[in-house]
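Chemist: Read off the chains here:
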Amino acid sequence: MSWRDGVALVLVLTIMLLVGLNARHLFEPFTAVHQPPISLSPSALPGYALRTTLRMFAALAASLFFTLTYATLAAKSRRAGTVLIPLLDVLQSVPILGYLSFTVVFFVSLFPGKMLGPELAAVFAIFTSQAWNMTFSFYQSLRTVPTDLEEVSRSLRLTGWQRFWRLEVPFAMPGLVWNTMVSMSGGWFFVVASESIAVGALQIKLPGIGSYVATAIEDRNFGAIGWAILTMAIVILIYDQLFFRPLVAWADKYRVGTTAAQIVPRSWLLDLFKKARVVDELWSPIASALDRVGRARMVFAHRPTAVRGPRTPTRVVDVLWYLAVAALAAYLIWRLQEFAAGHIGWQDVRTVAAAGALTLLRVIVLIAIATVIWVPIGVAVGLRPKLAARVQPIAQLLASFPANLLFPIAVVAIVHFHLAPAIWLSPLMILGTQWYILFNVIAGSAAFPADLREAAASFRIHGWRWWRYVALPGIFPYYVTGAVTASGGAWNASIVAEVARWGSTTLDAGGLGSYIARMTTAGDFPRIALGIATMSFIVVCLNRLIWRPLYGYAERRTRLD
Amino acid sequence: MDTRNGERVLTEAKTPATSHIIDLEHVSMSYAKPNGEPLVVLDDISCSLRSGEILGLLGRSGSGKSTLLRIAAGLLAPTKGNAFYRGAPLRGPAEGIAVVFQTFALFPWLTVLENVMTSLDALGVPRERARVRALSAIGEIGLTGFEGAYPRELSGGMRQRVGFARALVIDPAALLMDEPFSALDVLTAESLRTDFIDVWLGQQCPIDSVLLVTHNIEEAVLLCDRVIVISSKPGRISAEIPIDLKYPRNRFDGNFREIVENIYSILTARTALSLKEMRALGGGVMQPLPNVSPYAIERVIEKLAGPPIDGRVKLSTIAHPLLPHVDNILTVAEVLPILEFAELSDGQLQLTPAGRIFATSDPEERKRLFKEHLLNFVPLAGHIVNVLQERKGHRAPRIRFKAELEDSLSADDAETTLRTIINWGRYAELFSYDDRTRTFILGASPDLVAS
Chain W
1 MSWRDGVALV LVLTIMLLVG LNARHLFEPF TAVHQPPISL SPSALPGYAL
51 RTTLRMFAAL AASLFFTLTY ATLAAKSRRA GTVLIPLLDV LQSVPILGYL
101 SFTVVFFVSL FPGKMLGPEL AAVFAIFTSQ AWNMTFSFYQ SLRTVPTDLE
151 EVSRSLRLTG WQRFWRLEVP FAMPGLVWNT MVSMSGGWFF VVASESIAVG
201 ALQIKLPGIG SYVATAIEDR NFGAIGWAIL TMAIVILIYD QLFFRPLVAW
251 ADKYRVGTTA AQIVPRSWLL DLFKKARVVD ELWSPIASAL DRVGRARMVF
301 AHRPTAVRGP RTPTRVVDVL WYLAVAALAA YLIWRLQEFA AGHIGWQDVR
351 TVAAAGALTL LRVIVLIAIA TVIWVPIGVA VGLRPKLAAR VQPIAQLLAS
401 FPANLLFPIA VVAIVHFHLA PAIWLSPLMI LGTQWYILFN VIAGSAAFPA
451 DLREAAASFR IHGWRWWRYV ALPGIFPYYV TGAVTASGGA WNASIVAEVA
501 RWGSTTLDAG GLGSYIARMT TAGDFPRIAL GIATMSFIVV CLNRLIWRPL
551 YGYAERRTRL D
Chain L
562 MDTRNGERVL TEAKTPATSH IIDLEHVSMS YAKPNGEPLV VLDDISCSLR
612 SGEILGLLGR SGSGKSTLLR IAAGLLAPTK GNAFYRGAPL RGPAEGIAVV
662 FQTFALFPWL TVLENVMTSL DALGVPRERA RVRALSAIGE IGLTGFEGAY
712 PRELSGGMRQ RVGFARALVI DPAALLMDEP FSALDVLTAE SLRTDFIDVW
762 LGQQCPIDSV LLVTHNIEEA VLLCDRVIVI SSKPGRISAE IPIDLKYPRN
812 RFDGNFREIV ENIYSILTAR TALSLKEMRA LGGGVMQPLP NVSPYAIERV
862 IEKLAGPPID GRVKLSTIAH PLLPHVDNIL TVAEVLPILE FAELSDGQLQ
912 LTPAGRIFAT SDPEERKRLF KEHLLNFVPL AGHIVNVLQE RKGHRAPRIR
962 FKAELEDSLS ADDAETTLRT IINWGRYAEL FSYDDRTRTF ILGASPDLVA
1012 S
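Chains as they are written, first to last, in the numbering used here: chain W, 1 to 561; chain L, 562 to 1012.
The set of hints was computed from the structure by calculation and includes no laboratory data. All of these numbers come straight from a predicted model, not from anything done at the bench. Keep in mind that a hint or two might mislead.
Straight line, CA to CA, 20 angstroms or less: simulated SDA-like cross-link-like pairs of lysine to any residue [said to hold, decoys possible]:
1. W/LYS253 / L/MET719
2. L/LYS794 / L/ASP605
3. W/LYS76 / W/LEU64
4. L/LYS928 / L/ASP1008
5. L/LYS864 / L/LYS928
6. L/LYS963 / W/ARG315
7. W/LYS253 / L/ASP605
8. W/LYS253 / L/LEU671
9. W/LYS253 / L/PHE707
10. L/LYS837 / L/LEU936
11. W/LYS253 / L/LYS932
12. L/LYS932 / L/LYS875
13. W/LYS76 / L/GLY653
14. W/LYS253 / L/GLU675
15. L/LYS594 / W/ARG315
16. L/LYS875 / L/ARG860
17. W/LYS253 / L/ALA710
18. W/LYS253 / L/GLY717
19. W/LYS253 / L/PRO712
If we strip away everything but chain L, and leave its shape as in the complex, we get:
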């Protein structure tokens, strides 16, 4: 990519950081649950995208950060609050806002050139003029020679380059990026990030400001001037962190690591807090469970108990480079405290005595321990067992629990929770599930009993 004679301009040198491109004021978003009550996804969020900055929105999956991006893009209207673009209320997608999607969202039936030109069609740019501008954008993002290719002929990284070219071609004032690198492999993502920063620092860069949604902490610290951390369920701003490091940033730099660890602490503190709140409220049947298999739990506990770690670890040190997506490790880190196999505090994960015993047990013993913890600490498991015991034939249809969960969770969360509890129940041989009849059955699988 053209680095423009090696010139690198610091972001401060761009436009004065006072003018706002996009403002969100007291934005809330909620959906109606089947029982009519609102399910709050975003709760009273106010923030601004300033001219000349890259703003990161960092949060777990399900924190509503993508919804927030869609509101800023004019693709969704908030249920409460307002979005402004250059001071005017935003009603629908505006002319100077471009979006880059996680899934690339290229039209498979159009060539690279046609895909990029599509952006200009909506503006009514004459065909020849559109062609010239599209070719120049394709060149800028390093895809010259591929104008005639169809997206399916390109690799993931190249497809996302087309996604960037399509956004750049309209000279956007605000470039909104929804996890643009997370569908790519680690190396490709890194090279695309570098190239993106080069374009951004280039003097002729037409983009005025960037909003980057990500769940990757390192990525946010690598690219952004400012990071807003969003907590989950409901999404709220839990921290705002300015990042004053100079580009190009170094992942192994001390200041860089410090910021990364700080963000881990903030995220895990929220997780620990929400678990405490849930327990305090009693019940907890409606606690959403992330999709983590019992075998992943086994593996992580073994790792935690093993020699270099010895039962206590900073999340930021195991997250990279082993698991580049913070989501994976955070998800497991969230599950272990639920099952009381570990405790989470200050970005540190520590095995409980039960967790240590689990690590050294044989498979039979592990299952017994898991079953015990499942019954004691996961209210949903106990609830399912109770229902099955009361019922004739110790069976209950899946829909019964699904409907119950949907009373307080979103349909997606309810589905994930149900799948997780089915897996855990099967592993613990607490109850089994027959997908043909879609029923829960008390005890181990009938197949096992028959043999």
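With the rest of the complex left out, here is chain W:
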């Protein structure tokens, strides 16, 4: 962990904490928020599903806007980049569900007595689950724009605006679409979790599928939960067919590779739209307007200039800039220290550390189990192209299904069979994210070079040696990608998975997620902050000490050039 991450960690957590705390004071007089009651009738579900989906897309729009601006700023300004990027890295590791309590309080107090506050809080929660990896992907793309294309845009004297839409956005498109897909998949989980939240005395239930399930749990209504799962499954199917497939099929033309793809993504909807006259007539004025905007020079008093050779960095400004950042960090640390001194003792730190260790153990064991199960299956599926083409979309669908809707079923089973919650609640943490391992491994083994497979077969490499020397090294980079996502998701999910309710029965598995959840219910802000800080710290450490080196290793060892 570098000093940059440390500074970023402090900045993020302290700002969150201060905003949340001050917002709490603002908000205290306004406890009454008018909320419509949640109906458990199945006929109410389509309406709720629509509300939930709208929140999702509102957050997606916000994430896209954030991505295009934040990443551009970070990539174009060296100085901004040195602060913005570590910040983003930490934001990515902070458990979203953990700071929901802060943001809810903040937004509610921003619009007292109105539903807009909680709505914005929910959208913000989804936004925070989507934006970071999209931004990272866009930033990486901006930094790796091929030199020749960059030079040709300058030599053609495209303006910054034209270059952005002609070169940078198209170049970033495949990564952006892929990350949007991953984000959206994760988003369903958070939209469900953020609709119904209780912080201390403040109870919020926004009309939506998440609140529907929460109400069903309170009422111990098993049938309603079944309806909610069914509705969600239909919503996800529709979203996949009407939104995602067309998007992926459309984005295929932005692939930079010079060869044809093995599998060209297709979408019946996109084909229909391309062929349909009506759509064409409706769309073409919009398209040409967009085209005009993209082609516009958007320059008023500016001439493109040559890169002034190797520019010598202006040291003085650099020093000032770093001093400013350091001063801000120091101030925040001081505030944090001052704040913690009154509330948190060493006893709390010990409790949180023990809880963190427990959750860490769970994540490790669960990832190991998921690996043992899904890697062989993924390899087997990936090597059969026809089967892979069928299984891959299913795995992706499963990954986007919000696993928290399934929690009540597990809870009922645990209660019914008197199982130990500390063990049997754990699998819920990875229920939704294990699919990332599966579909990345499938993708990896499907991309495995045919000549290497044939070589292995012709030299009769079988059994353990085949796995050790052929299959596992081949899929390793893909596996790491999947496992990083799965483990990150498991940490987040621990906040909703380690404590579960069924009516008045509460199951508590212990651990850091459960600690944060309990403190949220109690409205104990200093301890929520302590829990989040610890979790962020562990996740950042894991990324730095385990995942990133593994990734580097995978890149170096499995590259043929």
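Since chain W is already given, all that's left is putting chain L on it; use the hints.
Modeler: For chain L alone, coordinates are given in the frame of chain W:
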């Protein structure tokens, strides 16, 4: 392609050759090395691109000729000196300058037509007008029918045609071409060269002057009115050669061959000289080594020693058509003198006695000879062995040597040199290298010892 009723106009007939399109005055370019010292890529270069001419910039890879083109294009600003376009200082890409890139640099997400139209967007040409001009440029370069195709559907030659159309569509006063044919196969490159010359000689050709950067000597002599030879490290003008042959030129013509041989002599004289300078300075640990595998060295020595050549050869005669890219043969020709397996003078390569022995030896003996020469004549190899002997466990991390090399070489050169010395060391079983731990190990590979 349209040859305009067979009319061929000689270049002299274009505009009077007095007006200058681009002038470079005392241009130098240097980059900062990790230790802060400047690494000079171009050293005090002055030249002009005149109206009505095709000027060739010829040099080895790494001679900075592409950097010079980028300075002339306004894509890079020189660290010293000035670039002028039509007499005015050049600040950034100018309106009448178009660039054709080695890698084509087409936007993969745009169709052929859209790619060509992009040039006009920056000029603010209205859409319909841009479309008409783009279609006409596509027609001129022989791509009619492919307007709607995406670059990935096209072959390399067709992609470069799109690159030309994109440059032609803005009616450039100066067309700057950075190795435009070197990513293409021999036949495709030849047909594109011919077509380019046809466009250039055509009466309606909007291009006023062309700057062609290449490392292919024959290509330069085939296309250019004037060739400037640039030496490597740092890049300096080492010769300027006018070529007064009429188009279309014939590769087998006596005058053509004479010019080609002359240029070979100039290039190799520089190489031999720089090797002498390096030896004279002692040290030589920091000598950059080109990436040539020991097996390529074996093959070339065998060829040189074989019957038709018998140990002494003019480079220009083996370069074509065996190895169309002068770079390959020149690179090997540079390595053999470093290892004292051959001598280089006047464009001729002659095997040394050691080289002759090497050619007739068995593999074991070759390795022994190579090892001996490596230790005696490549100071870096001796240096690595010394360091490994001093160190505990006879191991040293790669980064140690990399950092040392980067003190006087560019990062790319340091990397190439390190890769080359690793290959040579492995071949000679002098030292080995473990990429997992990124360390050098004295002696043959541990794998070999274990068995």
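Chemist: For each hint given before, does the structure comply? Return the numbers of the non-compliant ones in rising order.
Modeler: Those not satisfied are hints 6, 7, 11 and 12.
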